[in-house]
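Taking my numbering, I'd label the letters of the sequence shown as residues 17 to 339.
None of these hints come from the bench; they were simulated from the model.
Don't take every hint at face value.
Per label pair, the in silico range of CB-to-CB distance [stated by the list, open to error]: (1) 226 with 326: 39 to 45 Å; (2) 171 with 194: 32 to 38 Å; (3) 240 with 48: 14 to 20 Å.
C-beta atoms are modelled at their ideal positions from N, C-alpha and C, and glycine is treated no differently.
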Amino acid sequence: MKNKEKYVCFCEKTYVPIYSKPWWMDAVCGKDNWDVWLYEKGNNILAAMPYYLEQRGRYKYITKAPLTQNNGIIFNYPDDGSMKNIAKQKFEEDTIKNACIFIQNFGLDVYEQQYQYNFRYYLPFYWNNYEIIPRVTYVIKDTSNIEKLWGDLSSKYRKNIKKGQKNSISRQNLSKEHFYSEHEKVFKKQGLECPFSYKLWDGLYEACKKHNSGKILYATDSSGNITSLLFLVWDEKSMYHLLGGSIPGYQELESYNSLTWEAIKLASQMGLKYDFEGSVIERISKSFREFGGNPEIYYRIRKVFNPEIFEKEYNMQRNRLYS
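With the sequences and hints as input, model every part of the structure.
Structural data, given as structure tokens:
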């Protein structure tokens, strides 16, 4: 069996976050643009690392897949994860050492992947001269008690949500075409192009729909105008705040905050964590914080193998400092 075929079987027996599931990788990368490294002993897969391969001119990257928060190594711990800390660290160290050998021999110019927030033991990468870049997401890990969740919100956001509920109606079942055209407005207001194509969105939406792993929520005012929207995705353990925003001209209605609250309640009904996916942009990070989730650090692990790229990046940073 090829690695991807083995990986499909591995995912049927092991929890794999939605961003690393084979069908997700097919949808966002294209079936021929991703692969997976497997760490095997005997007939057992001890770890897997799906990766998106991108060619940028003459440079070859393993990098973050489109619309995908993380990939990285998925560990399949022996004994159902009941190992002692020392044994667990040794297992992770051995796995990462072999992953580094694979990456080193791949002929890459740059390796760059974001890891899940439950990946903590990055030292083996550091010892192999990888750059460790911290990022932050906010996660509501226990959504079971909706009254407690309401109490955990900041007083400001409880007020905003009530205002949004008064000024808008939460709805579902918006068409994928309509969602994309409305979502484009969020970026156009900032003078930006939508960072993903309709083709990519269409493929991802249909894949999520097929696997019962995604839903569009949106809000309208009393005249039926769309004021905010969200696209949620989920796996067996977590719901993720993937896409969304307030439609320009309707921000003061606060419908986006009330819509996010509806998403959190949906996660509660489904027994899932709620992951805001994070942002290092101060405005967005502070907004997510108000919903009462815990800040969780996750890591972007990076190494530049090509001296040309290293020199270009150094010069760009130097120019920023002295311009």
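Which of the numbered hints are not met once you compare them with the structure shown? Hint check: 3 fails alone, others pass.
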